[in-house]
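Asks: Quick mapping for you: the protein sequence lines, in order, are chains R and Z.
Numbering follows the numbering used here, in which position 9 of the first sequence is assigned residue number 240; successive positions increment by one, without gaps.
Numbering follows the numbering used here, in which position 57 of the second sequence is assigned residue number 288; successive positions increment by one, without gaps.
Calculated from the structure, these hints are not laboratory results.
One or more hints might be untrue.
A pair counts as met if it fits within one copy or between any two copies, since identical chains are not told apart.
[As the list claims (entries may be wrong)] List of simulated lysine-lysine pairs, DSSO-like, C-alpha gap at most 30 Å:
{"no.": "1", "residue 1": "Lys344", "residue 2": "Lys270"}
{"no.": "2", "residue 1": "Lys344", "residue 2": "Lys366"}
{"no.": "3", "residue 1": "Lys385", "residue 2": "Lys344"}
{"no.": "4", "residue 1": "Lys243", "residue 2": "Lys385"}
{"no.": "5", "residue 1": "Lys385", "residue 2": "Lys366"}
{"no.": "6", "residue 1": "Lys243", "residue 2": "Lys364"}
{"no.": "7", "residue 1": "Lys270", "residue 2": "Lys243"}
{"no.": "8", "residue 1": "Lys283", "residue 2": "Lys299"}
{"no.": "9", "residue 1": "Lys270", "residue 2": "Lys385"}
{"no.": "10", "residue 1": "Lys270", "residue 2": "Lys299"}
{"no.": "11", "residue 1": "Lys364", "residue 2": "Lys344"}
{"no.": "12", "residue 1": "Lys243", "residue 2": "Lys366"}
Number of protein chains: 2
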Amino acid sequence: MPQLSDENTFMKRAIELARHGMNNNFGGPFGAVVVNNGKIVGEGYNEVTSRKDPTAHAEVIAIRNACKELGTFDLSGCVIFCSCEPCPMCLGAIYWARIDIIYYSANRQNAAKGGFDDEFIFAEFGTSPQQRKVKCFQLIPDQGTTLFTEWIHKPDRTSY
Amino acid sequence: MPQLSDENTFMKRAIELARHGMNNNFGGPFGAVVVNNGKIVGEGYNEVTSRKDPTAHAEVIAIRNACKELGTFDLSGCVIFCSCEPCPMCLGAIYWARIDIIYYSANRQNAAKGGFDDEFIFAEFGTSPQQRKVKCFQLIPDQGTTLFTEWIHKPDRTSY
């Protein structure tokens, strides 16, 4: 495990990446680094506006780069340093990547004051699907459900 | 707005993509299409295991492709058809993309029975950060918060 001084060093790197992305007009002021065994294995900064990709958040990019570096979709044993508390999309990505620990600097309230929707989206997650701004409807449920039966009976499936 | 019969047609296409991805070992049995003005503008299927990318979910890929097609990071006015209820990561991506309506076929309980963590991750979102499996710690908060002050005062920023 990294020592406290290492943790602050990694966080400062995430903040440096955030500032670099912002100052070069790649996107919003967000940066992230993924660390494995005390070594940075993936970095990212927000590139939403420059790439025209709403999913190009710093954490998503850092996770992708770490997976490429380590040759796996499973980052168990890794930790992530984020210049801001991860938004729901990035928190979900962190769970799917099986990252162990999140360190963050600014929080979702700070992001909201900067004009970002993190806090609003977290609040939406806390309501029932019927109450949410984005409406959600189920269609032909049997046909989608069948896929999981096919999946379970697929002999050469790779689980994740 | 598409008619009900169109909606079922789009959903069947999402399910077809899911089956295609599964049968070709690209990833799990998930597909999605983004529709704008009654026309498909982005498609995707799960490619987590083949791309070694835990963020390569069908919805994320469909959103990226739609943004590429339309040349924007803002999919306001679009709807998304998903073979399964979007996981928290994808739901977050849908919010950031400003998609208006979600249609889904199978639900998170069906996904859980297929061996996927959607329901577990949704449950984690419903607990406080202190109770979650992935631990979360704040470090040097002032240094990250400063980024948002710099952002607000940046004259040429592109908001999103």
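Asks: Taking the numbered hints from earlier one at a time, note which ones the structure violates and give those numbers from smallest to largest.
Replies: 1, 5 and 9
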